[in-house]
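Colleague: Protein chains in written order, with our numbering: chain E, 8 to 193; chain X, 256 to 424; chain L, 1177 to 1348.
Think of the hints as simulated: they come from the structure by calculation, not from any bench. Cβ atoms here follow ideal geometry from the backbone N, Cα and C, with glycine treated the same way.
Have a look at the derived ranges for each label pair, beta carbon to beta carbon:
| id | chain 1 | residue 1 | chain 2 | residue 2 | range |
| --- | --- | --- | --- | --- | --- |
| 1 | X | P403 | E | S78 | 18 to 26 Å |
| 2 | X | D327 | E | G169 | 51 to 59 Å |
| 3 | E | S78 | X | Y356 | 20 to 28 Å |
Away from chain E, derived, C-beta distances all over 12 Å, residues of chain X:
| id | residue |
| --- | --- |
| 4 | H279 |
| 5 | M280 |
| 6 | R298 |
| 7 | P299 |
| 8 | A305 |
| 9 | P328 |
| 10 | T329 |
| 11 | T353 |
| 12 | K357 |
| 13 | H374 |
| 14 | D379 |
| 15 | T414 |
| 16 | T415 |
| 17 | D417 |
| 18 | Y419 |
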Amino acid sequence: MAPAGPRFGDAIFANVERVNAELFTLTYGAIVRQLLTDLEEVEEVNKQLDQMGYNIGIRLIDEFLAKSNVSRCVDFKETAEMIAKVGFKMFLGVSASVTNWDADGTCCGIVLEDNPLVDFVELPDTCQGLYYCNILSGVIRGALEMVSMKTEITWVRDMLRGDDAFELQVKLLKQVPEEYPYKDDE
Amino acid sequence: MQFFGGSEISPSPPVPTASGNNAHMIYVFNRNGVCLLYREWNRPLHTLNAQQDHKLMFGLLFSLKSLTAKMDPTNLDKGNLGVPQLPGQGCSFHSFRTNTYKLSFMETPSGIKIILVTHPRTGDLRDSLKYIYNLYVEYVAKNPLYTPGTPIRCDLFDTTLDQYVRSIA
Amino acid sequence: MGREVSESCIDSLLTEMVTTYCNRFYANKPELAARRIEAIGFQVGHQLSERYTMERPRFSDHLEAIKFICKDFWSELFKKQIDNLKTNHRGTFVLQDNRFRWLTHLSLDPTTENTEDPNGRSENKGAQVASMHLYFPCGIIRGALSNLGIPCAVSADISNLPQCSFVIRIKA
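Kindly generate the complete structure, drawing on both the sequences and the hints.
Modeller: Right, here's the structure in full:
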């Protein structure tokens, strides 16, 4: 396992190509707004954001693994720490923390206090029920699925709803081992 | 070699050591056994059709991984032979050599498997495989036109990979 | 220097946005997908141009505004300026970026490139799909100029990847 920790994530972030966060934040905002117009139902927007995130996560995982030099993700606790400390830092430039582990180590909270997605965002009253940052939960779900971890992710705290931080609850449902993919008669 | 937007692909490519004629073939599989990429440079003999060939290679690695983990003298915690493993679980082999060829293998936690078959006297290719994984990230995973899980058809990746493999073996 | 994120964040967000609209929402209606993607770009361009011009005097003419897009605006977005600007002096401007960042990871399928279908038409699926990725930057430029009070139409040409030329036609 490569060395974990905030400094490690900082070093990778310092070496990747970076762009103006404003462009990213406003683009994300414009996508959410367009989805609200096109799909009308807030529930449906939440679902699409999660799906988009999932599709992003299954691509980003390889960049994460290649740049962080992580060679194994078998332990859920280690992997959650890696994602929070290295993954968030290397892509969003902010680090998250992992808290609220349950007794058997299969459920935790990923807490984000500084979130570039919501710079300049205020939700109007018409967006009740919208999980504005739902793309993040999809990204984590997709990335974890690629390293064999099926998870269920839910929002516990949301600053756009008046909480003091963003918190995603990540629950490990099962680890999917690699089966021989072909049938004998194929 | 040219990199995108000045971004560095790390690790930087190992120093060329070879004549350029010693690579036989490369395979890239994903975790579902889909052969994302097959290229050959020097392969005089084909005995199977492509699909059978890919399946046989995947099966060889799958069994070998399972066997090497089963025989691991240092690890108490292992299942029975053939019990499915998580990618990266247990020990893993990185190459084997016969009198006629050498097979180098790398598997990522996301289940991407890169296999390079070269001349038996080729040295340690672990850094080279890592470098090829980085090429995959830059040119395939980041290509907006690439659909994850489908065979790789990206001209930039093809030419870069070809140049690189010729430089190492 | 303001806050930054990894380039992969914006790249993967744009890739997924285009895929969502082209393959999931409007799989058989590329023109509708294009309109939505352009609209998202328009919003972004409008807002960015608002921010970047807050503290500067109004532009005296169209050329001044276009130069602003080529220099300051492009630098904020891509850390480089437009490489070449041409105009016919009748309201059409061509902005050429020799290495447009959002296209540098774009790699076409070598097996379908320039293949001709039985009817002799040049069928280039890859280039078609690639062109869907241009509606967003075109929308950004149109949005930015619209915020400066200049209504226009913007199209893009990528016949020479990764070079990209944006053609701006100002509406009289």
